[in-house]
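Peer 1: Single-letter residue listing:
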Amino acid sequence: MSAKDKTLPQPHPFMANSAPASYRELLRVAEVKEIDEVFEQIPTDHLFKGKWKVPRGIKSEAQLSKHLTSILRKNISAEDYTSFLGAGCWNHYVPAICDEMVTRTEFSTPVWGTPSSDHGRNQVWFEFCSQLGELVGMEFVGLPLYSYGTAAGHALRMAARINGRKKILIPASLDPERAKVIRTYAGFKELNGFLDVVTVKFDKKTGRLDLADLKAKLDKEVCAVYFENPNYLGALESEAAEISKLAHSVGAEVVVGVDPISLGIIAPASQYGADIIVGTTQPLGVHMNAGGGVGGFIATRDEERYAKEYPTLQVSLTGTTVPGEMAFGLTLFHQSSYGSRENGKDWTGNSVYLWAVANATYMSLMGPEGFVDVGNSIIARARYAAERINKLKGVKVLWRDGFFKEFVVNFDKTGKSVKKINKKLLKHEIFGGKDLSDEFPELGESALYCVTEVHTLEEIDALVDALKEVTA
Amino acid sequence: MIKSKIRKYHAAVWDEPLVMDLSQPGRRGAFAPAIEDEITDSVGDPSALVPTALKRKVAPELPELSEFEVQRHYLHLSQQTLGMMGISLFGTCTMKYNPRLNERLVYQPFVAKMHPHQDPETMQGILEIVYSFDEILRDLSGLDKFVFQAGGGADAAYTMATLTRAYHAARGELAQRTEIITTVQAHPCNPATAAAAGFKVITLPLEKDGYPSLEALKSVLSNRTAALMVNNPDDIGIYNPQIKEWVKAVKEVGGLCFYDHANFNGVMTRIRAADLGFDACMYMLHKTFGGTKGGGGPAVGAFGCRKELVPYLAGPTVEKNSDGTYFLKEEGPKSVGRVREFFGNVPVVIRAYSWTRAMGIDGLRDAANISVLANNYMEKRLLAIKGVTKGLPELTKRRLEMTRYSLGELTAETGVTTVDVQNRMTDYGVDAFWLSHEPWFIPEPFTPEAGELWSIEDIDYWIDVLEVVCEEARKDPEFVKNAPYNQVVHKQGSTNLDDPKNWATTYRAYKRKHASKK
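First to last, the protein sequences are chains A and B. Residues 1 to 472 (my numbering) are what the first sequence spells out, left to right. Residues 1 to 518 (my numbering) are what the second sequence spells out, left to right.
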């Protein structure tokens with residue numbers, strides 16, 4: 001190879017063997033004269049011969065950092081402005097230690113080792129499942145799923161495999177985004193495994209599920225009833241036990257979606273009849289990440305009926321060949337798609353396992369008292385905000401009682417659209433609540449406000465002042 | 001012949017208890033912000049705000065620990081994880097360096113504290129990077145639009161299955177087009193997601209050339225064909241040279257063609273999905289494009305397609321206005337809707353954009369060359385080790401970025417299996433190799449992938465360790481079968497974890513089932 005050889009790589013900080021001497025040694029031992037020889041399997045008419053638009057590399061980290069920062073600085077974050085956005089991605093405090101753990105190279109870069117060499121990480125996963133199980137009151141917990149909605153979708157398909165029925169009831173108040181995910185998972189009637197999704201009305205006076213409509217839609221064909229607590233519109237389903245009872249009376253499975261950060265003060269769904277519990281993991285120590293922080297889970301009683309329908313991977317505590325030594329192994333691997341391809345239970349793959357590290361750390365930091373503490377801090381702040389907002393002229397909080405961190409604010413009588421109001425709030429350095437006017441036209445000009453432990457009294461008061469000004 | 005000096009190694013052993021067992025009553029690791037007096041004066045006792053029927057009565061049995069104790073516990077567990085601290089040539093996963101610069105950037109508020117429903121004018125930076133990365137992938141693939149909603153490669157395969165449904169449904173042909181075709185060496189996520197989306201799966205077996213024949217494909221094509229989902233090259237390093245003819249044949253009967261580009265690393269800048277005729281493809285940003293793997297996500301399966309299929313893509317998509325600003329566009333009526341909430345694992349897309357800009361088109365070319373060359377280097381050395389054979393040895397053309405090998409001869413001679421060897425190699429600080437996806441059609445398989453990251457010394461060390469272990473196996477098979485010895489813990493016991501009496505995915509279940517052992 002001549003020094004002018006165009007195929008000789010240029011040294012690059014991410015590639016040790018781009019050094020000419022190393023590269024030449026590879027060529028020598030591999031008995032390769034021209035690099036094209038190693039691509040001999042690819043027919044020449046498959047090769048791209050045009051010009052690329054992708055530019056040449058930026059090898060200097062300083063230069064690359066400047067480039068990226070110059071773009072990302074255009075963003076305005078929830079640290080720059082005060083954000084009252086929730087709706088499936090919530091602004092909770094992320095303890096510094098959670099960030100420390102998920103940025104540890106040992107946790108952030110690997111893929112899969114052996115039970116002994118992955119022992120530390122497997123233990124974190126087991127601690128994630130164990131602690132989450134405590135919060136939701138269930139003894140069987142799988143490794144995390146992509147999101148709240150995908151967890152719900154898989155759980156409803158589990159229910160269908162369990163009882164063989166095809167109709168699932170979901171609340172009309174459900175997050176349209178999660179509902180779309182569930183409908184994707186429910187499939188098409190022309191194909192196998194189709195689930196017929198039927199919506200149950202919500203009570204406009206309370207924001208809760210309309211039990212009369214539920215009763216009207218329940219029959220022996222109903223596979224599962226899905227509801228959330230708190231629901232998308234913020235309301236706590238205080239009649240949850242009654243919903244479960246009604247569903248069970250026709251032999252349906254009860255699938256409940258929960259927000260685990262509420263579970264220090266709110267009863268676990270296992271106590272009001274849930275058979276399968278799903279939910280989000282993002283509030284437990286994971287940043288919003290523009291929606292890239294979401295994660296989900298599935299938890300059930302430790303019964304074969306449920307365990308043998310999980311689509312996820314599961315870690316189990318066990319022992320080693322040395323008595324008394326703790327180890328972790330996979331349980332029920334063969335029912336996964338890795339084990340059984342198209343005959344597995346749905347499918348699994350890369351998920352959000354790194355977030356389980358943050359979640360486990362978060363739950364350990366909080367402990368039982370921390371969850372009570374944060375639950376109280378959230379519910380009190382949210383109530384305070386709702387009460388103050390409700391006093392503004394023309395502004396109405398639709399359901400003033402029985403919510404956790406989110407509530408619906410209606411602006412009909414101000415004569416102004418949520419869209420306009422939120423644009424004006426930006427000038428006050430505030431992200432207003434999620435606009436519901438397209439998703440729920442029956443609620444008029446309404447927005448879903450989210451208040452958490454991160455919102456101070458001053459910030460809430462500033463929101464009220466700003467709303468007063470922009471709605472006047 | 002062993003080239004390296006075999007170094008002393010022992011994993012960190014803290015004998016770290018479960019966090020639940022570290023608990024001491026009354027300790028606190030975190031407090032929520034104290035409720036201001038004005039708020040308490042206004043709303044009263046917070047516990048009275050929870051409807052009576054929903055009040056929690058029994059506290060969860062979570063650990064009670066100080067902040068430092070929690071930190072130290074999880075640091076210990078991180079140290080008890082080998083991963084990329086040693087050498088990891090885990091095939092199919094394309095182990096790469098994950099630049100720390102990206103970690104520094106994505107944990108700053110301008111990424112971490114962004115909300116997906118913010119006014120687009122406040123998220124121009126994120127939208128610009130997502131859009132720019134879409135443009136990069138369009139260039140590399142020849143396709144017309146990429147979306148990043150899928151949370152991994154399998155989710156991108158599922159995206160294809162759902163898009164296939166929506167496409168044929170829109171043409172009124174879904175009731176008839178119920179079959180998706182794949183091959184036995186395609187990743188299990190292809191048949192699994194096709195089945196989960198409701199399709200019947202047809203799996204073509206390998207034939208003498210290392211891939212199914214074109215005739216075999218044609219024999220299963222019909223007006224029932226909905227789509228083809230394939231990898232190429234597959235993860236045994238074989239490239240199907242008839243792939244253009246495959247795609248043409250599937251299209252002739254009205255099916256869609258999906259290219260699972262999990263094994264893109266060796267062919268970057270050489271082939272483009274669109275040029276081979278594919279309608280759609282998938283790249284793994286957490287593998288090929290330098291994103292972190294996180295031990296299994298958060299990941300991104302970037303899904304791209306031709307413009308004819310863009311109306312079916314999962315929404316929302318990131319688009320550019322004529323004034324150079326960016327916006328999120330909701331999906332139209334033909335769209336599959338959503339496969340997951342929001343528009344993707346944004347930090348992973350940012351990492352991938354950053355990595356690709358650092359590499360550049362020249363770096364991508366070099367990386368592909370180095371990956372394939374390093375694999376061919378490995379082959380020369382590995383096949384010199386007694387007990388190692390090449391999968392499908394009759395196929396003599398040079399393999400791409402991976403080769404599947406077999407330890408079948410070693411197992412026949414010594415009883416030591418590929419899993420035993422894997423366990424023993426960790427005693428030298430070398431983490432697991434990839435075995436094979438189901439089904440195993442090569443006995444006692446192992447599949448290393450050198451990629452462009454690992455130095456020639458790392459690769460040599462890896463090979464030398466394998467050779468040492470093979471020698472150990474012949475000298476004392478029981479010793480290797482009972483490995484590891486230098487790891488965090490010993491070999492997992494023989495308890496059947498598929499037995500409901502034994503499995504315990506939570507500590508509460510474990511204590512109930514195994515009370516006598518505690």
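Do not take every clue at face value.
[Stated by the list, open to error] Calculated lysine to any residue pairs in the SDA-like style (CA-CA distance at most 25 Å, straight line):
#	chain 1	residue 1	chain 2	residue 2
1	B	K244	A	E40
2	A	K416	B	E121
3	A	K308	B	K244
4	A	K220	A	E242
5	B	K501	A	R305
6	B	K511	A	G319
[Said to hold, decoys possible] Covered stretches of chain B, as calculated for chain A (at least 3 residues, CB under 8 Å):
#	region
7	416 to 430
8	467 to 480
By construction, these hints were calculated from the structure, which means they are not laboratory data. C-beta: ideal position from N, C-alpha, C; glycine also.
Peer 1: For every hint, state whether the structure bears it out.
Peer 2: Here's how the hints hold up against the structure:
For the given pair, B:K244 sits about 17 Å from A:E40 by alpha-carbon distance, which is consistent with the 25 Å threshold. With a C-alpha separation of about 21 Å, the suggested pairing of A:K416 with B:E121 holds against the 25 Å cut-off. Straight-line distance between C-alpha atoms of A:K308 and B:K244 comes to about 41 Å, which puts the hinted pair past the 25 Å bound. Annotation: proposed proximity of A:K220 to A:E242 holds, straight-line Cα distance about 18 Å (limit 25 Å).
Only pairs whose Cα atoms come within 25 Å are accepted, and B:K501 paired with A:R305 is accepted, the gap being roughly 14 Å. Restraint check: the Cα-Cα separation between B:K511 and A:G319 comes to about 14 Å, which is no more than 25 Å; the hinted pair holds. Residue count for the region 416 to 430 of chain B with a Cβ under 8 Å from a Cβ of chain A: 3. That meets the three needed, and the coverage hint holds. Only residues whose C-beta sits within less than 8 Å of a C-beta in chain A count toward coverage, and the region 467 to 480 of chain B has 0 of them, not enough to reach three; the restraint is violated.
Hint check: violations occur at hints 3, 8; the rest are consistent with the structure.
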